[in-house]
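Taken in sequence, the protein lines are chains A and B. Just so we're on the same page, the numbering used here is the position in the first sequence counted from 1, plus 25. Just so we're on the same page, the numbering used here is the position in the second sequence counted from 1, plus 128.
Hints in this document: simulated from the structure, not taken from any laboratory. Glycine is no exception: its CB is placed at the ideal position from the N, C-alpha and C atoms. A portion of the hints provided could be inaccurate.
What the hints assert, rightly or not - Coverage of chain A stretches by chain B, computed from C-beta distances (three or more under 8 Å per stretch; other residues unrestricted):
1) 197 to 204
2) 211 to 225
3) 228 to 234
These are the residues of each chain, in order.
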Amino acid sequence: MIPNTDVNPDLVDHPVLSGGWRTLRHFLRTPKGTLLAIFLGLFAIAAPTAGWSVALSHMLAAVLGATGTEVAISLLDRRSSRFPSSAILSGMIVGFVLSPVTPPAITAAVGILATLGKHLFATERWHVFNPAALALLVAVPLFGTGQSWWGALPDLGWPFTIVLLAAGAFIVDRINKFPLVLSFLGVLFGLSTLLGRVDPVTAAEMFRTPFVQATLFLAVFMLTDPPTAPARYAEQVLIGALVGAASVIAEAFGGGQVYLLIGVLAGNVALALRRWFGQRQLQAGLNYGSQGFKLRSRRYET
Amino acid sequence: MAKKMPGRLVALSASAVATIYIAGLVSTQSAAQGAPLAEPTLAATASASASPTPEVVVGASATPTASATTAYADGTYSATGTSALGNVTVSVTVTGGTISNVQITKVTTKYPVSRIASLPAQVVKSQTANVSVMSGATYSSQAFKQAVQAALAQAQAAQSASPTA
Chain A
26 MIPNTDVNPD LVDHPVLSGG WRTLRHFLRT PKGTLLAIFL GLFAIAAPTA
76 GWSVALSHML AAVLGATGTE VAISLLDRRS SRFPSSAILS GMIVGFVLSP
126 VTPPAITAAV GILATLGKHL FATERWHVFN PAALALLVAV PLFGTGQSWW
176 GALPDLGWPF TIVLLAAGAF IVDRINKFPL VLSFLGVLFG LSTLLGRVDP
226 VTAAEMFRTP FVQATLFLAV FMLTDPPTAP ARYAEQVLIG ALVGAASVIA
276 EAFGGGQVYL LIGVLAGNVA LALRRWFGQR QLQAGLNYGS QGFKLRSRRY
326 ET
Chain B
129 MAKKMPGRLV ALSASAVATI YIAGLVSTQS AAQGAPLAEP TLAATASASA
179 SPTPEVVVGA SATPTASATT AYADGTYSAT GTSALGNVTV SVTVTGGTIS
229 NVQITKVTTK YPVSRIASLP AQVVKSQTAN VSVMSGATYS SQAFKQAVQA
279 ALAQAQAAQS ASPTA
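Same shape as in the complex, but just chain A:
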């Protein structure tokens, strides 16, 4: 028998612990698990600037709001309970974007909105909108929330922006979304440069702290959300360009703090329409195929 050197021998005789350890290791190797590990790392870096107690209570409020709603919906639907990893990630994004000094009740409410939005605007196979982006956009008129994007490490200097980029590149490579991210960034920065000829002040800020860190955070962690991001490279390039253009247009016309979110949601709508039309074409093709078979069979019958 070949000894399994990966398993802590102290756990071998504990079936529950060893099973849990294996499950955890398996989860951490998945894209969601990898992203969760990255988010925990970002939190550990960013929390000291806001204060650990403030940051921890703020993040817990967001995560509990999102996961509590997910668990409640699962119970109501009488579905088998699964680990709410998506809700945890959405909650953490909400926590990273909202200012840490946002009242916990409001933070939790935005987390709840994220999960509700995911279930309300969904088909059988996917949900339409990025949950965190939709909730954060709605929260502005609803609760008057501010966004600081502190999870993007804007106050820690350029070395930490490199850390953000490196972590982002790792997960983007893992889920194969480089065309989407690069297309988005290229179009956004390119159009912002052109915007500089008309509105230099607005354009200037989009290349600087904290806007650029917010843009990078959104590009690598929110835009690439697999259920709401295209798989094919050609579609990734098109959707990425659309999101970049929509973001710049939103900013140019006074989108204010939500210009990036407007861009992401515009991309979500475009992808949803593309999928819907694609399904209709597929269904029409199937119907034609079945109809053709019927016509052939009648020919044979007569």
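Start from chain A and add chain B according to the hints.
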């Protein structure tokens, strides 16, 4: 699983994006360094409040000194400055005719409140609303300034309305 984008193509594309970014950064350098070329549209809305509920408390205070003729009536005044990127609400306390305490009670701008955390102390020190525009927080700084101006305007109006003691 779909074939991944070749590493060389990723590197090439990333370099192109970086070049575009640097071009934009350089071309907007003058706008970033100088005063805003176009004054943003700002509007201050004042709301008198005896005890505002703080959502953010970033403030500064000073020991009041009595003055024979004062421009401001004693009290606490709350006001909001609005900019294209969000609002800043402040609470200004006047004691003995001087600004004794300034607090940022609510921020809805894109920037973290830490970026303008030093502005309340400037107001208390200078005893005016004329504060520096913080680098990287132009809109927040100007919204703060508008809010303080509006709060002080309330204090002046209250002083004009009340009979001198």
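List, from low to high, the hint numbers that the structure doesn't satisfy. As far as the earlier hints go, not one is violated by this structure.
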